[in-house]
Amino acid sequence: MICAPRLLHRLLLGALTVSLLGLSACRKESAPSDAPTGVTLTAQEGQLTVSWTQESGFDYTIFYAPGTSVSTSATDPSTRLIFNPSSPRVITGLTNGQVYAVIMNKSRNGSPGGPATPVATATPSIAGASWLAGAAITGSPNLVGLAYGAGKFVAVGNVGLVYSSTYGRDFTAVSGLVWRDASAVSVTAPTALTALYFDGTSFITAGADNHIYSSTDTVTWTRRTTAALAQPITGINRYGSVYVAVGNSNTIRTSTDLITWNTPATVPALGSNLLSVTTLNSYIIATGAGGVVLTSTDPANTWTQRATGLATEDIHAVTYNATAARYVAVGKSGRVLTATDPTATWTASVITGTPNLFAVSTGTRVFAVGQSGTTVTTTDNTGNTWATAVAAGSNNLNAVAFATGRAVAVGNAGASYASPN
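Read in order, the letters of the sequence shown correspond to residues -27 to -1, 1 to 394 in mature numbering (1 follows the signal peptide of the UniProt record, and there is no 0).
Hint data in this document are derived by calculation from the structure and do not stem from the laboratory. We treat Cβ as the ideally placed atom computed from N, Cα and C, and that holds for glycine. One or more of the hints may lead you astray.
What the hints assert, rightly or not - Derived Cβ-Cβ restraints for the label pairs, each shown as a range:
| hint | residue 1 | residue 2 | range |
| --- | --- | --- | --- |
| 1 | Gln27 | Ala280 | 54 to 62 Å |
| 2 | Thr195 | Ala364 | 33 to 41 Å |
| 3 | Pro50 | Thr195 | 33 to 41 Å |
Construct all of the structure, not just a fragment, from the sequences and the given hints.
This is how it looks when you write it as structure tokens:
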């Protein structure tokens, strides 16, 4: 209610001033005559994203409930309300497989709420079960690196360009991801970018010129290394204050400033190409050709090879599933390695009929992507039981990441997919 008090009169009694304020000018703001517009509802894993056209001067309310209908009554025990949200608004803590109904209205300056939008429904689902293709990328680059940070997925590939898809702007509608050409990283020929990592502040990428580059906004990139590293880099990560880059010919290099890179004192003499490096819990883990798994808790000094029982199958990537407290690595010909302790012996298995798997990540379940658009997901969180492979196009998928309740995969010929769709 808006009140414009009117001064009626003032009485002077010695030093005391008494003001009498009348409320005769009080009036009530009328409710808006229309409902919010442009409302879209998309489902991710365990959450929904509500987007709408936000107009200045209005306050919005979201009403949501399990099922296919929802009430605007604040006393309905099944209805949850979100006051004064901004678009887009993420509703978290929802049950996968449960349909939810959402409506909205708006008010102005404390007025009653206006009419509600039509009911929209969506069902959160576990990432990896189905995939929706993203928009085409100009030039159809082969994308090999993917990271999430600063509210966006960022991908790099073979043409020296960086592509970004911002949460809430580029992938809230059912049309899938839209990728924007954020910038060109100025590298000497060849121009391919081979790895990508987000350290919480900056995106860090490696060029095929064996130099390291960083950016806080994906637009302006700075070459950090003064001298090129000796081998092509396939993976970058950080363990505490130490950055780690791995690459061909068993290369491991570490740095605290991205400028000067050193070789750890103790690295097993393997001769294998290392294909990934990932910090998981209190360990940093590198995987590579010939079934190689290396672990460290002091990456600038000591790395140790772990037993996998594999001699010829490349291991491309590793993740950790907190639900099952299990490390899961994937690789050539559908090979899977699992361990509850990465420093102990890893257990090998195979997903029958599955081609090479190149990347793995985890949400509620573990999901992996690979050759010819192959995607697979676990059914029991252990990494031992996997659902039938679901094809996401026909191009190789080289990288996958999970954030904002959604998995995103990228690959050759500009392929990109999101799940849940």
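Verification of the supplied hints:
1. Taking the beta carbon of each, Gln27 and Ala280 are about 56 Å apart, inside 54 to 62 Å as hinted.
2. In this structure the supplied range 33 to 41 Å holds for Thr195 paired with Ala364, their Cβ-Cβ distance being about 39 Å.
3. Checking the proposed 33 to 41 Å range against Pro50 and Thr195 shows it is violated: the Cβ atoms sit about 55 Å from each other.
In this structure, only the earlier hint numbered 3 is contradicted, and the remaining ones agree with it.
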